[in-house]
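A.B. asks: From first to last, the protein sequence lines stand for chains A and B.
Using this note's numbering, the first residue of the first sequence is number 1, and each one after it goes up by one.
Using this note's numbering, the first residue of the second sequence is number 1, and each one after it goes up by one.
Among the hints, a few may not be true.
What the simulated footprint calls covered on chain A by chain B, stretch by stretch (three residues with Cβ under 8 Å from a Cβ of chain B suffice, anywhere in the stretch; the number is not a length) [said to hold, decoys possible]:
#, segment
1, 42–53
2, 99–112
Lysine to aspartate or glutamate pairs mimicking EDC-like chemistry, simulated, CA-CA at most 20 Å apart [as the list claims (entries may be wrong)]:
#, chain 1, residue 1, chain 2, residue 2
3, A, K42, B, E11
4, A, K42, B, D63
5, A, K58, A, E26
6, A, K42, A, D84
7, A, K5, B, E44
8, A, K15, A, E56
Away from chain B, derived, C-beta distances all over 12 Å, residues of chain A [to be verified]:
#, residue
9, V4
10, G16
11, I20
12, K68
13, S69
14, S74
FYI, nobody ran anything at the bench for these hints, they're computed from the structure.
Think of the CB as a built atom: it goes at the ideal place given N, C-alpha and C, for glycine as much as any other residue.
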Amino acid sequence: QQQVKQSPQSLIVQKGGISIINCAYENTAFDYFPWYQQFPGKGPALLIAIRPDVSEKKEGRFTISFNKSAKQFSLHIMDSQPGDSATYFCAASYYVGGKLIFGQGTELSVKP
Amino acid sequence: DAGVIQSPRHEVTEMGQEVTLRCKPISGHNSLFWYRQTMMRGLELLIYFNNNVPIDDSGMPEDRFSAKMPNASFSTLKIQPSEPRDSAVYFCASSLGTGHYGYTFGSGTRLTVV
Numbered sequence: 001q002q003q004v005k006q007s008p009q010s011l012i013v014q015k016g017g018i019s020i021i022n023c024a025y026e027n028t029a030f031d032y033f034p035w036y037q038q039f040p041g042k043g044p045a046l047l048i049a050i051r052p053d054v055s056e057k058k059e060g061r062f063t064i065s066f067n068k069s070a071k072q073f074s075l076h077i078m079d080s081q082p083g084d085s086a087t088y089f090c091a092a093s094y095y096v097g098g099k100l101i102f103g104q105g106t107e108l109s110v111k112p
Numbered sequence: 001d002a003g004v005i006q007s008p009r010h011e012v013t014e015m016g017q018e019v020t021l022r023c024k025p026i027s028g029h030n031s032l033f034w035y036r037q038t039m040m041r042g043l044e045l046l047i048y049f050n051n052n053v054p055i056d057d058s059g060m061p062e063d064r065f066s067a068k069m070p071n072a073s074f075s076t077l078k079i080q081p082s083e084p085r086d087s088a089v090y091f092c093a094s095s096l097g098t099g100h101y102g103y104t105f106g107s108g109t110r111l112t113v114v
């Protein structure tokens, strides 16, 4: 019940295309859903996060869509660029003493 | 701020040796987390501290692993004795608290046990 399941494992997108990564969770106590971006040789870095009281959050080319009833959330990268090539992790936690539980990661490659 | 600082960046050691990984969190952050990253298991939380006190060590694989946080600016993760299956990248992260705060990760320590 603590798991966060992420798909796909890897994704290849052409420059200018839309990248979509999906995550699903079981624990309804989760109430914070961040996405992290990791470049080779670096630690993950917070990209964008959402609370379940909204269905969508947008920051620049990055959008989180959240479906509370389905217990799913996704990251959309619009106008994908080669510089977006990285591994993306979804995560979830709950407020009181919550620790972040990470998905397995998606390796995104944006081809020029 | 220099961010979360981990040392060493790379460590190669022989099986059976003791390994100590070090972490300096961001000043003012009161929560510290140790994660291990492998291809097979992804990012696994090993242990986390709040105000220097260990809160949850359920992710520590076995008694060979131990972690300490003697003060707000320093933490160690020790493996003794090390085994080849401990080879991974170990990340330290800090945050203003648990729950709804973003974590800031260090650049990690790549450990290879031969």
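A.B. asks: Confirm or reject each hint.
C.D. replies: Each hint tested on the structure:
Counting residues of the segment 42–53 of chain A whose CB lies closer than 8 Å to any CB of chain B gives 7, so the stated coverage by that chain holds, three being the minimum. Coverage of the segment 99–112 of chain A by chain B holds. Counting CB-CB distances below 8 Å, 7 residues qualify, and the rule asks for three or more. Distance check on the hinted pair: A/K42 and B/E11 sit about 16 Å apart at the alpha-carbon level, within 20 Å; holds. For the hint linking A/K42 to B/D63, the alpha-carbon distance of about 28 Å lies beyond 20 Å, and the restraint is violated.
Proximity of A/K58 to A/E26 is assessed by CA-CA distance (about 24 Å); at most 20 Å being required, the pair is judged violated. Between the alpha carbons of A/K42 and A/D84 the distance comes to roughly 14 Å, so the proposed pair stays at or under 20 Å and holds. Only pairs whose Cα atoms come within 20 Å are accepted, and A/K5 paired with B/E44 is accepted, the gap being roughly 14 Å. The straight-line distance between the Cα atoms of A/K15 and A/E56 is roughly 24 Å, outside the 20 Å bound, and the hint therefore fails.
Listed as outside the interface, A/V4 is inconsistent with that label: its C-beta sits roughly 10 Å from the nearest C-beta of chain B, within the 12 Å cut-off. Annotated as non-interface, A/G16 keeps its C-beta farther than 12 Å from every C-beta of chain B; the closest such distance is 29 Å. Listed as a non-interface residue, A/I20 keeps its Cβ farther than 12 Å from every Cβ of chain B; the least gap is roughly 20 Å. Against chain B, the non-interface label of A/K68 holds: every CB pair exceeds 12 Å, the least being about 17 Å.
Residue placement check: A/S69 keeps its beta carbon more than 12 Å from all beta carbons of chain B (closest about 22 Å). No beta-carbon of chain B comes within 12 Å of the beta-carbon of A/S74; the shortest separation is about 18 Å.
Of the numbered hints stated above, those contradicted by the structure are hints 4, 5, 8, 9, listed in ascending order.
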